[in-house]
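Colleague: Let's have the full structure, built from the sequences with the hints guiding it.
Residue numbers (the numbering used here), protein chains in the order written: chain V, 1 to 524; chain L, 1 to 524.
Treat the hints as calculated values from the structure; they're not laboratory data. Some hints could be false.
No copy labels: a pair is met if it fits in one copy or bridges any two.
Here are the simulated DSSO-like pairs of lysine-lysine, each with C-alpha atoms no more than 27 Å apart in a straight line [said to hold, decoys possible]: (1) K354 - K131; (2) K131 - K448; (3) K431 - K131.
2 protein chains.
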Amino acid sequence: MEQLLIAGQWRNPSNPVGSFHAVNPATGEVIGPAFPRSGDDDIELAVVAASQAADALAATEPERIAAFLDAYAAAIEAAKDELVATAHAETGLPVSPRLADVELPRTSGQLRQAAQAVRAYAWTHPVIDTKTGLRAHFAPLQKPVVVFGPNNFPFAYNAVAGSDFASAIATRNPVIAKAHPLHPATSRLLASLAFDAAIANGLPAATVQLLYDFDSALGLRLVGDRRIGAIGFTGSRAAGLALKSAADASGIPIYAEMSSVNPVFLLPGALRERGETLAQEFFGSCTMGSGQFCTNPGIVLVPANADGDAFLARAAERFDAAAPMVLLSTGVQQHLAAGVQALRDAGAQLVAGKASADGPGSRYTPSLLSVDGDAFLAHAQALQQEAFGPVSLLVRYRDIDQAIAIARAFDGNLTGSLHSAADGSDDAAYKRIAAALRPRVGRLIDDKWPTGVVVSPAMQHGGPYPSTSHAGFTSVGMPAAIHRFAQLQAYDNVRDDRLPVELRNANPAGVQRLVDGVWCDRAL
Amino acid sequence: MEQLLIAGQWRNPSNPVGSFHAVNPATGEVIGPAFPRSGDDDIELAVVAASQAADALAATEPERIAAFLDAYAAAIEAAKDELVATAHAETGLPVSPRLADVELPRTSGQLRQAAQAVRAYAWTHPVIDTKTGLRAHFAPLQKPVVVFGPNNFPFAYNAVAGSDFASAIATRNPVIAKAHPLHPATSRLLASLAFDAAIANGLPAATVQLLYDFDSALGLRLVGDRRIGAIGFTGSRAAGLALKSAADASGIPIYAEMSSVNPVFLLPGALRERGETLAQEFFGSCTMGSGQFCTNPGIVLVPANADGDAFLARAAERFDAAAPMVLLSTGVQQHLAAGVQALRDAGAQLVAGKASADGPGSRYTPSLLSVDGDAFLAHAQALQQEAFGPVSLLVRYRDIDQAIAIARAFDGNLTGSLHSAADGSDDAAYKRIAAALRPRVGRLIDDKWPTGVVVSPAMQHGGPYPSTSHAGFTSVGMPAAIHRFAQLQAYDNVRDDRLPVELRNANPAGVQRLVDGVWCDRAL
Chain V
1 MEQLLIAGQW
11 RNPSNPVGSF
21 HAVNPATGEV
31 IGPAFPRSGD
41 DDIELAVVAA
51 SQAADALAAT
61 EPERIAAFLD
71 AYAAAIEAAK
81 DELVATAHAE
91 TGLPVSPRLA
101 DVELPRTSGQ
111 LRQAAQAVRA
121 YAWTHPVIDT
131 KTGLRAHFAP
141 LQKPVVVFGP
151 NNFPFAYNAV
161 AGSDFASAIA
171 TRNPVIAKAH
181 PLHPATSRLL
191 ASLAFDAAIA
201 NGLPAATVQL
211 LYDFDSALGL
221 RLVGDRRIGA
231 IGFTGSRAAG
241 LALKSAADAS
251 GIPIYAEMSS
261 VNPVFLLPGA
271 LRERGETLAQ
281 EFFGSCTMGS
291 GQFCTNPGIV
301 LVPANADGDA
311 FLARAAERFD
321 AAAPMVLLST
331 GVQQHLAAGV
341 QALRDAGAQL
351 VAGKASADGP
361 GSRYTPSLLS
371 VDGDAFLAHA
381 QALQQEAFGP
391 VSLLVRYRDI
401 DQAIAIARAF
411 DGNLTGSLHS
421 AADGSDDAAY
431 KRIAAALRPR
441 VGRLIDDKWP
451 TGVVVSPAMQ
461 HGGPYPSTSH
471 AGFTSVGMPA
481 AIHRFAQLQA
491 YDNVRDDRLP
501 VELRNANPAG
511 VQRLVDGVWC
521 DRAL
Chain L
1 MEQLLIAGQW
11 RNPSNPVGSF
21 HAVNPATGEV
31 IGPAFPRSGD
41 DDIELAVVAA
51 SQAADALAAT
61 EPERIAAFLD
71 AYAAAIEAAK
81 DELVATAHAE
91 TGLPVSPRLA
101 DVELPRTSGQ
111 LRQAAQAVRA
121 YAWTHPVIDT
131 KTGLRAHFAP
141 LQKPVVVFGP
151 NNFPFAYNAV
161 AGSDFASAIA
171 TRNPVIAKAH
181 PLHPATSRLL
191 ASLAFDAAIA
201 NGLPAATVQL
211 LYDFDSALGL
221 RLVGDRRIGA
231 IGFTGSRAAG
241 LALKSAADAS
251 GIPIYAEMSS
261 VNPVFLLPGA
271 LRERGETLAQ
281 EFFGSCTMGS
291 GQFCTNPGIV
301 LVPANADGDA
311 FLARAAERFD
321 AAAPMVLLST
331 GVQQHLAAGV
341 QALRDAGAQL
351 VAGKASADGP
361 GSRYTPSLLS
371 VDGDAFLAHA
381 QALQQEAFGP
391 VSLLVRYRDI
401 DQAIAIARAF
411 DGNLTGSLHS
421 AADGSDDAAY
431 KRIAAALRPR
441 VGRLIDDKWP
451 TGVVVSPAMQ
461 HGGPYPSTSH
471 AGFTSVGMPA
481 AIHRFAQLQA
491 YDNVRDDRLP
501 VELRNANPAG
511 VQRLVDGVWC
521 DRAL
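Modeller: This is the structure we're talking about:
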């Protein structure tokens with residue numbers, strides 16, 4: 001059985017409650033060694049070790065943290081071939097461009113952006129009020145952060161390499177990573193690179209710990225443990241809500257990303273101008289990564305007119321011609337089949353693709369469903385449930401008023417997109433629909449499809465509940481994502497030499513600070 | 001029965017479930033008219049009206065919001081005499097300096113600081129990434145904010161005038177204010193000023209609504225209503241935790257401030273240098289406002305040596321000589337008596353004052369309890385429960401190691417203070433104790449007592465759970481407090497004329513923005 005990374009050692013599990021193997025979803029074959037499903041002893045060991053490391057890590061020089069993040073990014077790039085091959089075998093995601101050329105560079109780039117934010121003290125947001133003697137900044141929680149990685153990004157959201165990991169480490173908090181059990185060998189390899197880089201840069205040995213899996217009851221107990229500082233989670237709504245409930249009961253902040261249907265509005269003028277291109281782009285966005293993106297266009301609003309019919313016909317051609325696509329697992333395949341059935345039960349019609357599970361391994365035929373606007377509004381809750389995979393629901397809207405009513409019927413989502421005509425003919429409709437959609441989505445997109453999340457300081461990869469647990473935070477983009485794992489601390493009348501370096505008069509690190517209402521890097 | 005302010009009208013209650021009167025706590029006399037305890041119909045009316053107003057308010061010009069906040073501040077100052085007299089009668093808090101010279105100016109000042117933050121767009125924190133076409137800022141929730149005011153600040157934390165109110169309005173969200181039933185006439189007067197100022201400045205009529213009281217079951221239903229955008233609460237831990245649980249279950253952010261004992265460490269050198277002064281300041285801080293401050297010094301750490309004995313003796317003289325002090329209500333009096341009894345049951349000894357309820361009205365004798373460090377550590381949970389009123393617990397620590405152990409035994413608190421010698425003789429001890437205390441408190445204070453919360457951009461009036469519900473936010477200080485009622489929104493590839501004004505290339509409002517990592521107000 002594979003070893004766990006706990007308390008600065010690769011060690012055999014103490015009291016595993018079972019084991020599991022990865023499966024190649026393209027073939028259905030079991031691959032790789034057995035990985036332990038942890039019992040309570042190993043979780044307790046990890047919590048104790050991380051708690052003991054928390055103070056020392058919080059007191060670590062930021063430069064050391066930044067050096068670790070850079071070194072880890074470089075190690076990931078150096079191990080690219082092995083990482084990509086392992087992740088490809090475990091997830092069925094394409095080697096190129098997806099894993100090798102998009103997700104891996106994004107992951108190392110994200111770690112480097114976190115390093116930059118650490119060196120600049122950007123996430124600490126120092127505020128100085130010289131008139132009152134008050135100074136404030138964001139500081140480490142000084143407690144372990146538990147990160148639950150999702151199934152669909154073996155690198156970029158991996159519990160031991162993704163944005164939650166980078167953010168928690170940037171705030172100098174130890175991470176207890178709970179890998180996703182669909183890609184354990186990828187996670188082990190990443191943890192090994194992270195651990196070696198942490199030791200090489202002098203970080204406490206329990207800065208990075210890795211567990212592969214544990215039962216949900218143990219997970220609920222862990223996230224409700226008052227020794228934990230915060231939780232990052234990306235995954236299903238059911239799991240996210242259960243974890244949120246347990247964390248909330250103990251007053252522990254949890255940042256959960258929990259599914260989204262990412263409505264896309266095709267306005268009449270846009271379809272008239274570029275219906276063929278939109279159909280082509282839509283197929284690409286819906287089936288990219290076999291549709292297993294949190295920003296997948298799950299619902300597309302199409303006018304009930306001739307241009308809308310033509311768009312549907314063009315899109316349907318592509319969906320009908322597509323071969324079954326490899327999903328991440330048979331579990332994902334079963335959820336998708338159940339989700340599509342639920343949409344059909346609620347009145348959606350199959351209009352392209354076979355909507356069928358297939359083999360070898362875990363595959364599904366890209367498919368399109370459709371429903372008219374009245375039916376959608378009559379069953380809006382049932383029809384906006386996520387069907388995670390290469391499936392979209394087209395909603396045919398009668399007129400702009402109905403499109404607005406539909407926009408208002410959406411729960412919180414990560415993204416909302418509008419495609420409008422270049423000639424201005426959609427501008428009046430855009431204004432009204434965008435106004436209705438805006439408060440319901442984290443990122444509003446013009447004339448692009450939602451898949452693809454750029455790591456940028458101006459990104460909001462988050463959104464109103466229930467797409468995430470708090471609309472004020474983003475899980476992607478430095479330094480904003482880092483804030484989630486920090487606490488706001490003020491110093492009142494505290495002597496200069498006792499202050500954190502970024503709050504001292506001399507500003508030796510040259511940090512950007514808000515001094516008496518003005519951003520500057522000057523000494524006081 | 002007094003009228004409620006709902007949907008832009010002062011109106012008779014629809015289905016009150018009873019009524020109540022204010023009581024002058026200095027005399028025990030019932031004063032003023034009957035106020036309704038609202039039933040579900042009035043709450044529903046308020047939620048519907050606020051929900052309908054939310055979109056229009058979010059679309060309002062910021063200058064109009066700022067003008068409202070300024071006008072309301074001026075109206076409060078113009079009505080100062082009536083406000084102060086009313087609040088004095090309802091709360092027993094001194095007219096001067098407390099109500100007239102401290103709390104009222106703080107309240108109007110806070111509204112004006114919110115107006116400044118609105119005019120400068122400071123709380124929107126615009127971020128522009130020119131390379132990716134992404135722009136982000138904080139935006140209104142476009143849903144009602146429910147504010148629960150506490151008993152102890154009839155102006156500065158009033159649900160219809162305090163920081164939560166100012167913050168929610170600054171983000172252009174309507175407020176449903178639930179007044180504290182101990183000062184209904186004060187709240188009615190404030191709501192009347194706010195409503196008139198709102199109408200005069202062209203805000204939607206349901207921007208400000210006022211309910212005086214309702215049963216806790218209705219309160220729990222209200223905060224769990226998905227039409228609500230967020231909740232601000234200041235009050236007891238029991239009420240705060242109940243509301244938090246209901247709000248959490250619906251994914252609604254709640255910002256609850258829920259009690260704090262505000263540990264104060266007197267280091268040996270400081271006591272040697274200025275024990276007499278510290279004893280005098282301590283008495284003032286502990287009994288200010290009859291000790292009814294969220295930042296009251298509830299626990300004071302005193303060395304178990306001769307200087308500590310002298311400090312205790314000097315403080316005891318003052319407590320023994322003090323007359324019974326007027327509390328806010330008989331409920332507060334009863335809670336205080338029960339809290340003191342609980343501390344005594346856990347091993348604390350009464351060392352000064354009679355620890356007795358008194359009359360006329362609702363009074364209590366300022367009192368000091370004491371316990372040694374070992375006993376505190378043995379019963380740390382029981383001995384750090386808040387006794388809200390003019391009472392402190394002295395904990396006698398044997399040595400610096402024990403002081404550190406005690407610091408580590410504290411739950412989350414709003415503040416932590418350290419008094420150290422000017423000659424440097426405490427510096428080594430300070431460093432170790434402050435390091436232990438720092439992650440457990442929101443505001444770390446040198447050489448001052450914790451009472452007194454300055455409204456400053458660098459304030460953190462918040463702290464780790466359970467002192468508040470989230471350590472990343474403050475309830476006082478603009479623009480940080482405003483963030484609580486905002487959501488993070490990104491614009492991706494959105495055409496310039498469709499962007500919010502502070503994200504447009506031309507930057508017509510001259511807003512400070514983070515453009516490609518640099519704060520500036522330049523046009524693009």
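Colleague: It remains to establish, for every hint, whether it holds in the given structure.
Modeller: Right, here's what the structure says about each hint:
{"no.": "1", "hint": "K354 - K131", "verdict": "neither (69 Å within a copy, 41 Å between copies)"}
{"no.": "2", "hint": "K131 - K448", "verdict": "between (48 Å within a copy, 16 Å between copies)"}
{"no.": "3", "hint": "K431 - K131", "verdict": "between (45 Å within a copy, 25 Å between copies)"}
Hint 1 from the earlier list is the only one contradicted by this structure; the remaining hints agree with it.
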